[in-house]
Every structure is written in C-alpha cells, then in structure tokens.
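Enquirer: Starting from the structure of chain A, add chain B where the hints point.
Line by line, the protein sequences give chains A and B.
With my numbering, letter number 131 in the first sequence gets 131, and the count goes up by one each step, no holes.
For my numbering, count along the second sequence from 1 and bump the result up by 1000.
No lab work stands behind these hints: they were computed from the structure.
This structure is a prediction, so every number in the text was calculated from the model and none was measured.
Glycine is no exception: its CB is placed at the ideal position from the N, C-alpha and C atoms.
Each hint can be trusted.
Cβ pair distances, simulated, as ranges:
1. 1101/B - 46/A: 30 to 40 Å
2. 62/A - 1226/B: 43 to 53 Å
3. 1185/B - 75/A: 47 to 57 Å
4. 50/A - 1226/B: 34 to 44 Å
5. 1170/B - 36/A: 52 to 62 Å
6. 1507/B - 36/A: 44 to 54 Å
7. 46/A - 1188/B: 26 to 36 Å
8. 10/A - 1077/B: 25 to 35 Å
9. 36/A - 1563/B: 45 to 55 Å
10. 1145/B - 62/A: 44 to 54 Å
Calculated lysine to aspartate or glutamate pairs in the DMTMM-like style (CA-CA distance at most 25 Å, straight line):
11. 1313/B - 1416/B
12. 1414/B - 1477/B
13. 1284/B - 52/A
14. 1562/B - 1160/B
15. 1084/B - 147/A
16. 223/A - 1356/B
17. 1546/B - 1516/B
18. 1011/B - 1093/B
19. 1262/B - 52/A
20. 1262/B - 42/A
One-letter residues, chain by chain:
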Amino acid sequence: MYHTSPLLHFAEDELQLIALLFMATVYALKIRWILRFPAGGDRQAPGNARTDGPTGAKRSLLSIAMPWAMGSTRQHPFLYAQFVVFHLGVAASILMSFVIPYAPGLIRGPALIAMLQALFALAALVGIIRLIRRLTDIYVRSISSPDDYFSMVLLIVWLVVSALAAPNRRELSEGPLLAYFFLTAFFLIYVPFSKISHYIYYPFARWYLGRTLGHRGVYPLVKGA
Amino acid sequence: MSVARSYKAQKVIDRLQLKVNRQIMLSLAACVHCGMCTDQCHYVLANPGDPTYAPAYKADRIRKLFKAHLDWTGKAIPWWVGAKSVYTDEELEDLKDTVFGKCTNCRRCSFNCPMGVDLATFNRMARGLLVHVGVMPTGVLHVAKDQWELGNQMGVLREEYLDILSWMEEELQSEYNDPTIKIPIDKPDADVMYTINPREAKYDPRTIAEAAAIFHFAGENWTMPSEGWDMTNFGLFNGDDELGAAVSGRLYDTAEKLRAKKIVISECGHGYRSTRCEGANWGKRTVGTPMETSIFTMLEYIKQGRIKVDKTKNQQPVTYHDSCNLARSCGITEEPRELLNLVCGDFREMHPNRSENFCCTGGGGAMSMTEYAPRRLASAKVKAEQLRATGAKIVVTSCHNCVDGLFDLIRHYKLDMEVKLLVNLVANALVMPARVAAVKPVAAPEKALAGRRILVVDDEPDVRTYLRMIFKDEGAEVIEAPDANQAMRLLKTERPDLMTLDLIMPHKTGEKLYWELRKDPDFTGLPIVIVTGYARVETPAINFHKFIEEKHLPEPDGFLEKPIQPELVLDTVVNILAKKTIN
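Just chain A, same shape as in the assembly (with noise of 0.2 Å):
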C-alpha cells in the first residue's frame, strides 16, 4: 500500500483546514461589515396584492437559475451556459478538495473520474474564451482591474491542476495532488480579498433588491406579452 508523503499529507489536511479557517473568518468578518451598514427601509403601504417583500426576494434569489427571466441571459444564451459550466467546475473542484482527503472512494471508477476531468477541463476552456473576452471586449476590458485578470487566470489553472488530480493517482506522482492543494490553500485564502468573493453578497444583493421590488409589487415580473 502506498503511504502519502508528509507534504500531501499537510498539504490536503492541515494546510486546508488552516486556509478554510481563514476563510471562514475574513468570510465572518465580511458579513459583519455588511450589517454594520444601515439597511434602508420599505415604509410606504404595500404596490399590490399580487405579490409581496419575502415573495419578491424568493424570486430574485432563484432569478439566476432562470435564464428566461432575464433580458440579459434571454438574449445571450451561450454568455449563460458558459456561467453555467464555469461554476459547476468550480463548484465541483471546492467539493474534490474534501473528498479526496477524507473520502476518496467517492472518486472511484473511470467513468466518473473522466466526467470530472472533461466538466474542469471544459470549466478551463470557457475560463480562457471568459479571459479573451475580458482582453477583446471593448467594454468589458474597460472596466477591468488587476484582480479581475488574476483571478480569472487563477482559476483556469486551479481548474486545469484540478482536472489533473482528479484521478488522485498519487502512488504514480504526487504532483499533481500537490500543485492543486497548494493552489486551493492559495485560492481559499485569496478568494475573500478579491471578486471572486462576489458569492458573499449575491444573496444579500438579490435578497434585498427582489424584498424592495416586491414590496412595491414589481417582482416577480408580469411578463410581457
């Protein structure tokens, strides 16, 4: 049987517990500092009986699931599917890094193992055409910073080494397994200072935009006809 080295054994226990720990307290942090900020109020009678505050939240929070609702990702479809597919791979690369250490016969089988490589290696790909839009698009580049850049490069080599440990092939090399959990100690304690962090507001975001507009009986939308 093969025994893991010290370092993979750090690097995929300790060094992310260390990083998760971290985050979660910058992430604890982050909530505090948006609640020390007043919360604007709805005081006016409700618009309608057709809807209301929690209803119109519900809708604006599950808005992101319905591309249908959206002019924006009703008009621009693959814009949308690359969103998609760029979030499962990374969603699907955070969940690896739990499984490998603590319950690696998840992971089992070729087939899966393969699925898992094609949905980062795909979730790469759309990063690299999401960075060329972000260096072609005249007004996306126009509004871009450093971080923007890098954390865009970031994650298409997180999820590129992801797709490489995948097979959690260490007895072969233990490279692999040690670029991506150096990568995710990296990417976990970056992730709170910079926009990848932007899934910490989305719900308060959408939760108080869809309890507003609900409120005044604009959300959920009438559609048009």
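Expert: Positioned in the frame of chain A, the structure of chain B alone reads:
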C-alpha cells in the same frame, strides 16, 4: 505622501460615508464586471463602441470611490481592485457628466444584472453627493430651487395656479354648458384629493380639465389643494433626500389637514414613485392616507359604471409606453393596458414592453438638463425604432416626463405619431349623461390665427409644447425646431408666416440665427418674435439689444420675456400678423 484634495471633493468623500446604506453597499461590492448589463442600456445601443456609456463603466466611476474609502481591499491595495478617489473639482465635473448626463436612472440594467446590482439607486446617491457641493447641471439647480422655494418644480405661483383652476372650471362649464361642474379647492373631508404635476398647470392645463370632467361625471366627492398640490419630486432626480422628504411631506400634511380619504396622483411616473413609494422613506414617517395613481381611479370608475366610455371615439392605432418609474419601480403594467383596451379600439403592444421597456430618454430629470439634449436625442434612437415598429399613430404614456421625452424624439426622428396621456383618451371616450349631451351645439367663434403657420424655435420641449398649445388653440398650424439649424431647414421648406425664437440654444444661438435671417433677402420680411428667459439688457453675455445695435440689425417684431404669459404672446403674434396682412 498624501495628495491635496479640494474642499468640494473632501465634502463628497465625507458625505459618501454617510449615504451608503446596506443595499447600496451591496450593489457597489457585488459587481463582477461580467458586462451582461452592457447592451441593456439605450445609451450603449445608440452609441456602439463607446464604453463610457456602459452601465458597469458608469457604475465603476462611483464604485471606485466606494472602494477607495469604504472597502478593505481598496484601502489596502487600491490599484489592484481599481479603487480611485477624487481630488479636484474637475474630477467632480467629470463625474457629473457621467451620473447626470449618461444615465436616466431608468433601472433597466438593474433588472438585467445577474448579481442584482442596482445602478439606478447608487447613481442617484452619487447625484446627491454632487448636488450637496453644488456640482450639477444648471437646469437641475433651478428646478430644485423652485421646488424648495415655491413648493413646485416649475415655479408656478399660488395665484397663477388658482387662476388656472378657475379658468379650467369656466372652460368646463362653458364646454358642457353645465354650471354645476366645479373644481373644488381645499374642500375638507373629500373622498379624493387630486394632486398634479406642475407641468399640467404651466403647459397642459387641459389635462386638469379632463380629470375634473371625469371626477364630475363619476359623481366623485373630490378636491384639489391650494398648497401641497405638486406630486412631482425633484429629490428623486437630484438625489437630495431632504428635498424629497420636504416635497412629499407637504403633500402628506395637506391631505391630513384636509382630512382627505385618499390621495389620487395624476399621471406621472416619477411623481407617483416619489409620493407613493419613496416619500415615506425619505421623510422616515408613516403616511396614513392611502394613495393611488389616477390610472386606477379611472379604471375603477369605468368598471363600477360610474362613467361610461365609448371606445369607438378613439379609433386611431394606439401603443403604450411604460414609464420606467411606474413599470420597473412600482409594478404598474397591467392596469394601463386594461384601461386602454376599454377606451380605444386599436391597441398595439410595443416590444419589448412592461419592465423590459426602454426609457423614453427624458427620465431622471434629463429634460431639465439642456446641455445633454444632443446626447439624449442620439440615445433616443432605440426608442424611436421601438415606436416606429408599432405602426401606431398615437403613443400613450402615463407620465408627463415621458410625454416631453417622447414628443422630442418623435420630432427628431420624424415619426408620424403624437403623444397622449391616458386621461386624454378616457376624457375623449366619455359618454355624456343625456342631460349634458342634449346641449345645443354653439357655433365656434372664428379663431385669431386660423390659416397661419408659425415656427416655434426653442430648445426646451416644455416651452415648445406650451407655445404650440397657445397657437393651436387659436387655429394656427405650428411647426417646431429645437435648434437653429433645424429652424433654418424648416424656414426654407415650410415657409411659416411668423417665427418665435429663443436666444439661448445649443449649437447655434438665437442671436446668430436672427443675424443670418436679417441678412438673407429671402427672410428679411419674416416677422420674428424673440421669446427668451435671458432678455434683460443687464445680462452682459447675452445682451441682445446691444448685439443688434452693433450689427446694425432691425429690432425684432416682438420681444417677450419668459415666463410666458399666454395672453401677451397671443396678442403680440396676432397684432404682428394683422399688421403684416394690412401692409
């Protein structure tokens, strides 16, 4: 090394920290620069290739400030996340150009942002920061000042307002030959307190008369207040919450004082939103009086059988333009359509519509910012195409701002279409009760300007609308030009009998046009009446009298100062044309 910051810039930064609430903070922090909002903005669609119009770019101008002063990473490593503060008054002017001149706060991008970033809300906040230090378009300053000082945004004096109501009451009594028709003022315990947009009093009083006729025939117990009657609110446009609270507060207090059971708000998108939705939040108060838009009131009257309408009276094809404030901020999309289907025979939907509709391009106070008019009209291309595709002859909207915005773009893009409010169509479709309908028709008196063609040249759409109404009422055919170049073209093709001319206009001044016309043998005989808000000889930069003296030009046939007095304008024009005929 710290960089010196101007007094105003420092004030803006100080106030930023006070004005960012949780919703705004989240909108500022959540943007991922994905660019999905880009082609949802009419400015972008009409100006392809210019990234400065993109919603995310405009948002980033404000976001940079937020990151520099309130965001952790932005404070630690500003260059990495694009944080940037403001230091000079020039930078504030540049920001003004973005937040006032490149966005109408229509909220279309907010509805298309996957993250729920609400640009319109924090763009309004940024406007407020600039207004606080006096950085704003001149028109915004004037309108806000009028609303603070006189209680309404068009500077209508109390006496003037009451005169107009009295005039409309007389008109109604004469039109229907019914002395019982009244416009009750300050009547206590009324079921409805009707509040209006000052544009109605100033430029379009017929809408007041039409609403009054509807209330009368519905048998409503209603009133109009003598104070606190302006339901519009420039605080929404200039981001000044204090102004917003003061204006809406006046209206709420009046309703309470009169013990009105309900406030009915005439057709106005931003007015409805401000009074119904925002005022209580700006003033941090609870408003006990229920409020509704007159759209609901008219619809209910028809449904309850309190008024009868005949849709065959409105036979021309009609389309509906959703006001951004009504559709995207107040959820009013279906009632106007229900009403339209009751009062007109050929209603055609515009695409996209409801909350996906494009802005009329006159929203967010844009109509008061004349310096941005060329930009506004260029961006109106999207709306013009939407309108043209319907094939309708009438575009109906429920917003006075939209009326002006649409009217301007219809002229600019030469669409064969007119703009109306719902109240116009409902009043036109009214079926009179038998007693009134039996009135003998009275022969109309001969109109003083019948057969005359008048060219109105003014960059302000409201002024053009008002003059058009005055001249059309007297039977004239009116053509309009928003600037001197268009005026010159129309003079050659339309050959008007008389021209009214504003002096201060973009591109080419009225002075220059006057000079050119007086030098041109084709137009030396054309009567010209100057109608200007800057006529006083002590205004050195625009001393028209000195100008014509220096250039050895003849005096104009008439010279009138704004605010326009309808009788004076009419007398002047009628007399000039009468003299011309005799000569």
